[in-house]
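Fit chain G to the supplied structure of chain A, relying on the hints for placement.
The primary structure of each chain is shown beneath.
There are 2 protein chains.
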Amino acid sequence: MEMPKPDSTVLSKKDSILRRLQEVLPAGAVIHEAAETRAYECDALTAYRCPPMAVVLPASTEEVAATLRVCHELGVPVVPRGAGTSLAGGALPTADCVLLGVARMNAVLETDYENRVIRVQTGRTNLSVSGAVEEAGFFYAPDPSSQLACAIAGNVAMNSGGAHCLKYGVTTNNLLGVTMVLMDGTVVELGGAHLDAPGYDLLGLVCGSEGQLGVVTEATLRILPKPEGARPVLMAFSSSEVAGQCVSDIIKAGVLPVAIEFMDRLCIRATEDFARAGYPDCEALLIVEVEGSDAEIDEQLGVILQIARRHDPLELRESGSAEESARIWLGRKSAFGAMGQIADYMCLDGTIPVSALPMVLRRIGEMSEEFGLQVGNVFHAGDGNMHPLILYDANKPGDLELCERFGAEILKLCVEAGGCLTGEHGVGIEKRDLMVHQFAPEDMEIQMAVKDVFDPRWLLNPAKVFPLAASRARRVAG
Amino acid sequence: MEMPKPDSTVLSKKDSILRRLQEVLPAGAVIHEAAETRAYECDALTAYRCPPMAVVLPASTEEVAATLRVCHELGVPVVPRGAGTSLAGGALPTADCVLLGVARMNAVLETDYENRVIRVQTGRTNLSVSGAVEEAGFFYAPDPSSQLACAIAGNVAMNSGGAHCLKYGVTTNNLLGVTMVLMDGTVVELGGAHLDAPGYDLLGLVCGSEGQLGVVTEATLRILPKPEGARPVLMAFSSSEVAGQCVSDIIKAGVLPVAIEFMDRLCIRATEDFARAGYPDCEALLIVEVEGSDAEIDEQLGVILQIARRHDPLELRESGSAEESARIWLGRKSAFGAMGQIADYMCLDGTIPVSALPMVLRRIGEMSEEFGLQVGNVFHAGDGNMHPLILYDANKPGDLELCERFGAEILKLCVEAGGCLTGEHGVGIEKRDLMVHQFAPEDMEIQMAVKDVFDPRWLLNPAKVFPLAASRARRVAG
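Going down the list, the protein sequences come from chains A and G. All letters in the first sequence, in the order written, are residues 294 to 771 by the working numbering. All letters in the second sequence, in the order written, are residues 294 to 771 by the working numbering.
Just chain A, with the same shape it has in the complex:
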């Protein structure tokens, strides 16, 4: 992966930049010693690392605005960072950048149960948003696998989903308003605690824009009353294709489970060795969970089990207690950790129309043979968001590159199937060169022209999302 060449003019001014930042920020908010900045050299795409010029850790919207004003004036690129859990390199620094981390901004600013909203600083972790309203019987719905660690800032930047997004939608469906600081330090308010708003939907535009249009410092989020109960069913099938067809039929029938999770043999095996959840020995399994009162659950599961039986399942295991539910979820929740035990892996994030699942799973199996690299599949099947894990050996020369080529082919397959390059991890640096397979030049041009509006000099997270040559041309022109 090509890294952008640092701006030598910026680097030569490092001392005066640090001094200016220290003048406008409290003591301890600016970090620049190599030992201290090491933690910020990479995000969860650990194959790529680069120490930033400096790290700034503000505590308020005002401190973010002060930081951006200085950087804007001095022409310093800024890379925003939530909790650094991006799998696509969305928070990877450049050598000439100020890395702006919002982790210290984690306060709850307001809870309003009557209107069912919470307002938080965006450094707050996803799970602790639910934590703040749990006692009152509420929760925040989007639940990425990294929810213990990931920040709302990153969720907004990547429009994150999670296992439950089939029913509750992704971040954009649960975000009502933000406070955002533009690159020149202007503070704007988008949306609020009401439905829709006149004028253009800039809130929707910002959600998923990967930290390129502004730094989101506060967010108003929809919270929901906790459902009365939930019950998962584990379903074992004789092939991935059959399991994929079952998912497609459930969706087509119009019942709405909160989650349909998929695992294939490789993942099931690795998970059993690791977590011993007692999963059946099969080619593919689904975990389908429904929520509601007992009557609602019985009703919905009745329809779902009827559909599943048409696909000759090897086993249908309906949970009869909280302990059995926990065991059914145990394997799924351990899957990524378990896969990490058996090999290095790259986690992809393509999205496809649900009806294409059987075809795409079959093709991935064939391509796995062609490339000679194993692939495990564990993902949110109900909404067509796939996460193939390609196994490789980081110590074997050329294996990472082979893995990246294979990954690119899978994502191109997703686009050909009528899908897209990323469901929830974002483009980051990982997929920026693949954008040309999704978008025509005029489509990409209009996206970049929108960034021009918010950040004319392309200082904010500039080396991400778009092919490097395209974004570099933009910076020089600006």
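By construction, these hints were calculated from the structure, which means they are not laboratory data. Among the hints, a few may not be true.
Said to hold, decoys possible - Label-pair distances were calculated between CB atoms; the ranges are:
#1 G:Arg558 x A:Gly430: 27 to 37 Å
#2 G:Leu402 x A:Pro573: 58 to 68 Å
#3 A:Ala588 x G:Arg602: 52 to 62 Å
#4 G:Tyr406 x A:Gly321: 58 to 68 Å
#5 A:Pro573 x G:Glu407: 57 to 67 Å
#6 G:Lys626 x A:Gly630: 51 to 61 Å
#7 A:Ala588 x G:Lys626: 23 to 33 Å
#8 G:Glu663 x A:Asp591: 50 to 60 Å
#9 A:Ser531 x G:Leu402: 35 to 45 Å
#10 G:Ala442 x A:Glu616: 49 to 59 Å
#11 A:Lys519 x G:Gly368: 52 to 62 Å
Each residue gets a CB set at the ideal place from its N, CA and C atoms; glycine is no exception.
Showing chain G alone in chain A's frame:
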């Protein structure tokens, strides 16, 4: 309301503009005789009228592109029009414009029940989208009151909702992709039959942009399986405030009816005289409808009725048959027609946080006394989208102006309550001068800069949404 001054350069070139359009379009697609263009002089905001320079009625994306290329080259403003049902003047022509009507483009291009999507040309009416998939057991969820007449083009432009949007969301939640023609004739594809997409959310940005960013010619829409059944309850209360508080409590409890509709005494009376639905004699009533199987309906209505009883209802009338359901809905569906029988009225469209309903209803009552104009309230209460109807006498000099001033005060009240100027009707010309009450200058500047990207010369529906002085400055500068 000030009308923009027509561009005399454009008007002087009328003959050559018509000739150029006739060259690139089939016979009959260009209309310019006064007798023929009369039908396009206004939309449903009939207080304002202006004959367009010409009307173009294309039959395909290619013909739309050809029209826009000519207009772009010659600097002719273009006003797009769906079915012309806008209550905010969104499709009002200017004297120097080509009015581009998509009504002839009403084909179904593809139905895909497996992925639950339909692709249509956007001139197709809302109700006939559901009609096309009805036999297969599906429907298209957004259901504006004008659904028999209004076009998908207008629904996308205004991000329309409807009685059922409490459960199913508004247009943006049911729109998966569009084909759009930019002002220079470039055809772009946004979104598709998959979840989310990499890059910026331009689809969300376009939805609700009131025909200012491009002309949407084709749309991929989510369709849903028809629910097993539905059952409404009619609830009568002793005051509007109590009814408003009941709505707030139902929402807070987390049950999800498909609709919560509100009517006050004035509307109930007018409706009874007109449609004789047998509504109780009371200050305010709610119609709450839930969907699902019989077991699900019983479950949900149990919770809802328990909440309602806490507010001392004068009557709770649960439907016991299809006939009773039809009678409960009859009055609500006749309400706008009934109000039109007793007086001229202006229909507002403010949105507020649900918890503010009691306060806002009380204030509207007080303001009605102050202005000396009666107000009827009939609206989608569950999502806080209010439609106060201010009654006035079109034949009484000054009454329309008084009514407009009153309306502006109500919308300012909505903004103060944490809400906004428009839920689903759009800004159009009606509310463009009120935008300054919702947005700071820097907020509006960034919205207009986004329009610059899509339409640098501000030729597309230019005199709408933003205060006239602001958009005029933009055109001159461009």
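A quick look at each hint next to the structure:
About 36 Å separates the C-beta atoms of Arg558 (chain G) and Gly430 (chain A), a value consistent with the hinted range of 27 to 37 Å. Taking the beta carbon of each, Leu402 (chain G) and Pro573 (chain A) are about 44 Å apart, not inside 58 to 68 Å as hinted. Our hint of 52 to 62 Å for Ala588 (chain A) and Arg602 (chain G) is violated, since their Cβ atoms are close to 21 Å apart. Checked against the hint of 58 to 68 Å, the pair Tyr406 (chain G) and Gly321 (chain A) passes, with Cβ atoms roughly 59 Å apart.
Taken as a hint, the range 57 to 67 Å is violated for the pair Pro573 (chain A) and Glu407 (chain G), whose Cβ atoms sit roughly 28 Å apart. The hinted window of 51 to 61 Å between Lys626 (chain G) and Gly630 (chain A) holds, with their beta carbons roughly 56 Å apart. Here the CB-CB span from Ala588 (chain A) to Lys626 (chain G) is close to 31 Å, well matched to the stated 23 to 33 Å. Look at Glu663 (chain G) against Asp591 (chain A): about 55 Å separates their beta carbons, and that is inside 50 to 60 Å.
Between Ser531 (chain A) and Leu402 (chain G) the Cβ separation comes to about 37 Å, which falls inside the hinted range of 35 to 45 Å. Checking the proposed 49 to 59 Å range against Ala442 (chain G) and Glu616 (chain A) shows it holds: the Cβ atoms sit about 57 Å from each other. For the hinted restraint 52 to 62 Å between Lys519 (chain A) and Gly368 (chain G), the CB-CB distance of approximately 58 Å keeps it satisfied.
This entry does not satisfy hints 2, 3, 5, going by the numbered hints stated previously.
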